[in-house]
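K.L.:
Take a look at the letters that make up each chain.
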Amino acid sequence: MKAIDSEFVENLAIGASLLGAGGGGDPYIGKLLASEAIETFGSPKLIDHLAVPDDAVCVMVASMGAPTVAVERLPSGDELHVAILSLQRYISKGITHLVGLEIGGMNSMLPIVSAARTQLPLVDCDAMGRAFPELQMCTPSLFGKSTSPMALADESGNTVVIDSTSNLKTERIARRITIEMGAVSYIALYPLSGKELKETMIPGTISLAKDIGYEMSKTRAKGDDVLNSLLRLTKGIPLFEGKITDVDRKTQDGFARGTVELTGYGSCLKDKFKVSFQNENLIAELNGRVVATVPDLICFVAPDTCRPITTEELRYGLRVVVIGIPCDFRWRTERGLQLVGPNCFGYDLKFTPVERMVKQFVR
Amino acid sequence: MHIRIGVDVGGTNTDAVAFSKNELIAVTKSPTTQDVTSGVTNAILGLIKFGRLQPKEVSAVMVGTTHFVNALIESKHLIPTAVVRLCGKTTQAIHPFRDWPLRLREAIQAETFFLEGGHEFDGRTIGTLNLSQIDDVIEKINNAGIRAVAISSVFSPLNQSHELFVAQRFYEHAPNISVSISSEIGRIGFLERENATILNACLKDIAEKIVSALQRSLIELGIYCKLFISQNDGTLMSAAHANRYPITTFASGPTNSMRGAAYLSGQTDCAVIDIGGTTTDIGILRSGYPREASSAVSVNGVRTNFRMPDVVSIGLGGGSIVRDNGCLTVGPDSVGYNIRSEALIFGGKTLTATDLAVASGRGVIGDPSRVEHLDPGIVRDGLELIQLTIGQALETMATSSEPIPVVLVGGGHLICGNEIKSAKSVVRPPNLDVANAVGSAISQIGSQVDQIISVTPSTREHAIESLRRETISRCATAGALAQSIEIIDIEEIPLAYLPAGSVRMQMRAVGNLDFSRDPNKIT
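From first to last, the protein sequence lines stand for chains H and R. Position one of the first sequence corresponds to residue 380 (the working numbering), numbered consecutively onward. Position one of the second sequence corresponds to residue 816 (the working numbering), numbered consecutively onward.
Just chain R, with the same shape it has in the complex (with noise of 0.2 Å):
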C-alpha cells in the first residue's frame, strides 16, 4: 500500500493528512514548535498512532513550510553572497543589491562581477564566455571565503546554457561553494529574477539545516522514503532540491490551501475564500490550479518576479473583535490564536466574530450559553457585515460579472453565511480545516518553460510542438510518471514594438509523483 503524508506547517498548528490512493485516512493537528521539526515530528507521530499506519506503508511525505524565508525576516543564519553577472557590457548601469533593505543588504552584500556572456532577445549571444576570466573570479570568490553565489545571465529564461556552464566551472574548482542560477529560479525581469536568486542563495545554510534535520527525524520514525517540499507553484521538488532552491517554498501556504480546497470539493474552477484566526484569504482556482498574480512580488522588501497566487487578503477572521460604539466593527484586529481563552464562547471578555456566528445558532463551538445574551440586533448587523465585506472582496477577484462557485475553508469558516454576494454555491467540504495539508499530500511535479520565440504562421505549430515536448520532458526528468504529464497552463504574448511574429511564450505541465522511481528511497 502507498500512504502520503502531507504536512502543513502553520504559524500555530501543525496540521498532518494520510492518504490512501486517494482516500483520506487520517488528520492530526499540533501546536507549531520553534525548531519546526519537532512540531512535524509529533504530527505524524500523531497520524501513526491515530490512522494506525505502518511506517515501513509510507511512501512519501510532503512538507509545506514557509519556514526558511522567516531567516530572511530576522536576517539571521544568512550567508555572504557573490553575485556574477554574465551580459558583457550590458546590464551595468544597475549594480546588484540597489533598493534593498539596508539590514538585508549589510547582512549578505558580497562582491559583485560583471563577465562576459548572456544572450539577445533572438537567441543571439552578446558575447561568448570567457574561460580564463570565469576561472580567475572562482578564485577570487574562493580566496575571499565566501561560500554562496548567485550567478544571473540576460536573458537565461531563454537559454540557460552559460548558468550552466559557469555553475559547472563552481563545481569542478570549488565544489565548496553552493551555486545558484537565476534561470532555475526566476522568468525574464533580470533585476528581480537576480534578487530572488540572491535571496535563495544566501538561505542555503538554514536550507540545508532544516531539510537535513526533517530527513534525520522521518529516519527516526521509521519512515524510509522520499521526502518533498511544496513550492509556491503547488508543485514538489525533492529534499535534495529544496536544499539548493529553498526561496521557491516561501509562498507555498495560500496555494496548498486554494488546491487542497479544489480536492476536498471536487470543483476545479472556483473561488476559495479561506477564513484563518485573523485574515481571510480570497483566490481564484482555474482547471485546479490558482490564478497567478501578474505584477512584482516583494519577499521581505526585496523585488522579485516569482509566481504567486494571485489572493486578496482582508483583515477578518474567526478571532475578529467586534465592536460597537455608535458605529459596528469587525476586525481587523484579533485576538488570533488566544480565542480559546479570549472569546466570549470560552469564557473569555472579548466579543468575536466567532461569537456571533455561535449566537446566530450556525453552530455549536465552547459554551453556546455565554452568548445568549447578546443583543440579536447588534449579532445581526455584525454577521451583515461580515458578509458584506466579503462579498466585496470577492467581487475584486472574479473575472467576470457571471456568479462563481464558492469553496469555504478555514478554521474560521462559521463567521461566514452561505449567501455570498456574487458567489453561484457555496460549498463547506469535509475535513475544510486541514485543506493546507492536503493541498500538500495531493502536489504534484511540475516544469515551465519561458521563451521568446519567432514564428510565422507556417512554423507556428511546429514551435508550439517543440516546446511542448520541451515542458514534458522536464517535467519527467523532475520526477513526474510519463503518462500523467499534462500541459495545463500555455500563455503566448506577442510582444509589443517588435515584428509581427516575437512572441513570449510560456507553458508549464504538470504529472503524478512516480512512486516506482527511485528504489533506494532516500534522496
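Pulled out of the complex, with its shape left as it was, chain H reads as follows (with noise of 0.2 Å):
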C-alpha cells in the first residue's frame, strides 16, 4: 500500500502521457484536480491488485467526451462522487473500491481525485493499458462483463444510471447523454467484484505510469540515457528516429485523423516512416513495410528529453524517436483483437506483436 502525494501525480502525469500512445487528453487539467483534491481530503491509497479481497464491490471512474470543452467547463469537484452515489444506489451494494479505466492521458487523473474525496483504496490496474476512444474497448469485456449499469453525471448535480443489453449499445446511449450534459460527464461503471478484477483488469499500471515519470525526471537530472530507461521500463522497442517531414490532418466522424511522414538521421538515415493516427497513433510502416500496428503502443518522444508528444503537436521539422510498446497480452488475443485490433479502425490488416515484427525486418 501506497499513498498518493502530489509527487506522484507529477510524475504519473508525464507516464499517463506517454501511455497515452498520442492521444488521450492533456493529463494538466487533472494533474491540479488531483493535487487540488488531494491536498483538500488528504492523501489516498493505491492497493495493489492482489490485495483486493474477491467479494469486494470495484467501480470504475473516468470523464467522457470533447477534450475541448473539458478545458473550458472544468468540473465542480462533486460530479465523479455523485455519479458513485448514484451507481451505489442503483446496485444495492457498498462500493469498496475505486478502479481507474484509462491510464492514458487526462483520465489517469480522476480515480485519484474520487479516491481522495471518498477516501476508498484505489486498486493499482486499469482496462485499457493505455487510451482508447470508446467505453467498450476495455479488457472487462474480454470475458463478457457488462459496462453497465454505469452512471453519469453532470456538474450541475444531474444523474442518469443506464442500463443496457451490450457494451456497445451503453457506449452510444452514453455518449448522446454526454452531449446533453454539456459534452463532458463524468461516470463511474463496470461494477466488479474483487475476483472479477483480478482475472479481468490489466495490473499495476498506475505504477508503472508513475515509474516512468519519476525515472524520466530522475534520469534526466542525473544526465543519464532516459531513452534506455524507458525502453526497459516499458519493454519498448525503438522503431524510428527521424524528423518530421509531413503531417496531414482531417477530421473523420469527430474523430481526429490523420498520418505524419518522418525521413530519418542518425541510425535510420535514408529510411522513411509513416505513422497513422486517430486520436491515438495507430500504424507504424517503415519503408512502407508495417512494422507496428494498435493495440501495441506506438509513441512520439522528443530525442533528448524523451518528453512524450501527442499527435496535436505534431509538426514539420520536430525531431522525434518512434518507439513501439507492447501492448498487455490480453489484446492479442483473437478476442482482444476483434475489440481493439486494426480492423476495429479501418485498416485491413493483421496484428503482428511489435517485437516480433521488428524481428522480422531486422533479419
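Among the clues, some could well be false.
Unchecked claim - Straight-line C-alpha distance at most 16 Å; calculated EDC-like pairs for lysine to aspartate or glutamate:
id, chain 1, residue 1, chain 2, residue 2
1, H, 622, R, 1210
2, H, 629, R, 1307
3, R, 904, H, 457
4, H, 622, R, 1217
5, H, 622, H, 692
Claimed, not checked - Cβ-Cβ distance ranges computed for the label pairs, FRET-style:
id, chain 1, residue 1, chain 2, residue 2, range
6, R, 939, H, 424, 36 to 46 Å
7, R, 979, H, 712, 49 to 59 Å
8, H, 692, R, 1164, 56 to 66 Å
9, R, 1234, H, 713, 54 to 64 Å
10, H, 694, R, 1139, 46 to 56 Å
11, R, 835, H, 650, 49 to 59 Å
12, H, 424, R, 827, 52 to 62 Å
13, H, 713, R, 1207, 40 to 50 Å
14, R, 1027, H, 424, 52 to 62 Å
Please keep in mind that the hints were generated in silico from the structure rather than gathered at the bench. The model shown is predicted, which means the values in this text are computed figures rather than measured ones. Each residue gets a CB set at the ideal place from its N, CA and C atoms; glycine is no exception.
Assembly of the complex is requested from the two constituent chains, each provided in isolation within its own frame, with the hints serving as guidance.
P.N.:
Here you go:
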C-alpha cells in the first residue's frame, strides 16, 4: 500500500501522457484536480490488485466527452462523487474500491480525485493499459463483463443510470447523454467483484506510469540515457529516429485522423517512416512496410528528454524518436483483436506483435 | 500630410521611424531609459529634427513596448485583484491562482467568488445571472478596498453577455474598481484565459502611469494626435484600450520585427530571421502575419493561452563569444550591448561572431585591421558553424520540405551569410536594423471571433457569413477604415467526440487605421 502525494501525481502525469500513445487528452487539468483534491481531502491509498478481497465491490471512474470542452467548463469537484453514489444506489451494494478505466492521458488522474474524496482505496490497475476512444474497448469486455450499470453525472448534479443490453449500446447511449450534459460527463461504470477485477484488469499500470515519470525526471537530472530507462521499463522497442517531413490532418466522424511522415537520421539515415493516427497513433510503417499496429502502443518522444509528444503537437521539422510498446497480452488474443485490432479502426491488416515484426525486419 | 511615427522600445535601444503615406522618411535610434517615456521622447525628438518634421503633421504615433510586463517580473506596482467566476456549480474544482509562482500569487491574490452564470458549448446557459448575488459581491469587494477585479465566465469567447452585464454593474455601483473581462483577453481554455485576465487586472496602475506619461510627452513635443500601442498579434489598440488591456502587449516585440521585415522586403510569405546581439529569432510569415504558436504560453511562470507568434529563439547573435578549445564554439553567451567596447573590431579583447564576419570581408564595422591576424581556418569554421546552426533552426520552422524565401533583419545580420540550408533566397532589406519600429508604424486595427457553432451542410454558408459580418463589424468599431477591412484568417476545427457538425470557428480581420475619425485627436 502506498500513499499518493503530489510528487506521485507529477510523475504519473508524465507516464500517463506516454501511455496515451499520442492521444488520451492533456493530463494538465487532471493533475491540478488531483493536487487540489489531495490538499483538501488528504492522500488516497493505492493498493496492489492482489490485495483486493474476492467479495470487494469495485467500480471504475473516468470522464467522457470532448477535450475542447473539458478545458473550458471545468468540474465542480462533486460530479464523480455524485456518479459513484448514484451507481451505488442502483446496485444496492456498498462500493469498497475504486479503479481507473484508462491509464493513458487525462483519465489517469480522475480516479485519484475520487479516491481522495471518498477515502476509498484505489486499485493499481486499469482496463486499457493505454488510451482508447470508446468505452467498450476495455479488458473486462473480453470476459463478457458488462459496462453497465453505468452512472453519468454532470457539474450541476444531474445523474443518469444506463443499464443496457450490450457494451456497444452503452457507449452509444452514454455518448448522446454526454452531449446533453454539455459535452463532458463524469462516469462510474463496470461494477466488478474483487475476484472479477483480478481476472480481467491489467495490473500495475498506475505504478508503471508513475515509475516512467519518475525515471524520466530522475535520469534526466543525472544526465543518463533516458531512452534506455524508458525502454527497459516499458519493454519498448525503438522503431525510428527522424525528422517530421509531412503532417496531414483531417477530421472524420468526429475523430482527428491523419498521417505523419518522417525522414531518418542517425541510425535510420535514408529510411522513411509513416504513422497513421486517429486521436491515438494506430499504424507505423518503415519504408512502406508495417512494423507496428494498434493495440500495441506507438509513441512519439523528444530525442533528448524523451518527453512524450501528442498527435496534436506533431509538426513539420520536429525531431522525434518513435518507440513501440507491447500492449497487454489480453489485447493480443483473438477476442482482444476483434475489439481493438487494426480492423476496428478501418485497416485491413493482420496484427503481429511489434517485437516480432521488428525482429523479422532486421533479419 | 499624414505622418505616422512608429516607436519600438527595446532592451537596449529605442528606435523610431516616420512614414508619410507609404514612404519611410526618417529613422532614429536612441538609448532606452529606465522610465521608458524619456527614451521615447528623445527618439521622437531626434526624428523630428532629423526628418525636419512639423509636429502638427503627425497624425498617429504607434508605440511597441513590453514594459508593462516587466512589472510582473519584479512583482512590483501590482495591485491586489479579486476574481469573479461566472460558472454556477461547474468550474469550482480548481481554484484561481493554482499553479502560480508563489511570489506573484502573494502580491496579487485577493478574494475569489463563484457566481451563477456562464454558458455551455452550444450556447445554452449554465445558469441565469442572479442580480442580488452580483450586487452583494460588488459591495464586498468595494468594502474590502480592492481596486481591481478579473471576471471570467464559462465559454465567454462564445457568448460574452454575462461578463459584460457584470462589468456594467461594477461600473454603475463601484466606478473606482477597474474591471477586466476574460472574453476581451483570451480564447477557449478557461484557466489559461482567467490567468491572463488576472495578470491584466493587476497591471492597471502601471499601465495607466505609462500610457498617461506617453500622452503627456507627446503633448510636450507639440504632437496632438492619437496614441496607439501594439499588441501581440501585430494589431493596434488605442491608448484608452491599453489602459484597460495592458497584458495584450507583452509579446509585441517579435511580431513587430516580423511585420516590419515583411514591409521592408515586400515579402508576405517567408521566414524572417531576426539576428540581434545575443539571440536570433526565427518565425514564419503567412500573408504578412506571423504564424501563431498552438501551445500554452507561460508569462512569467503563469500559464496563459495568448495568441503568440511561433518563434524559435537560439543563443546566437552579433555579440556571441567565439571560443576555440579544441572544439570551436559560438555562443550561447554574448558580450551583449558591450559589443562596442569588447569586440576585437572595436579595440576590445573578446572574439565575437561579428569579428568573424568582418574578418571574412562581409562588411566593414569598427576597425577591420584589428581582425586581420585571425587564423583564416577559425574564421571559416566559425562562420560555417553559424550558418549550420541557423539553417537547422530554420528547418524546424518550415512547414514543408520546399525551400522557403528568407528575410534577414536585425543589427547582427552580418554574421549570417546568404547560403542558408533550406532557404530559397535571402533578402536583406534596407533599414533592416529598425524593422521593429517599422512593424509598429505599419500596424493595423484587428478583430477576432472564436466560437463553437453547430452547422449542417445547408446552414454552413449562412453561419460562416454571419460570423464574417460579426468579425468585420468588430474591426470597424475598433477604428478601422470600413472599405479596408479584410478577413485574414479562418480556421475551422471540427470537434472530436461531438456530433458531426459541431465546429470551432476562429476568424480574424484587419483593416487600416481610419485617420479621419476622432477629430478631437486625443483619446
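K.L.:
Hint numbers the structure violates, sorted upward?
P.N.:
8 and 10
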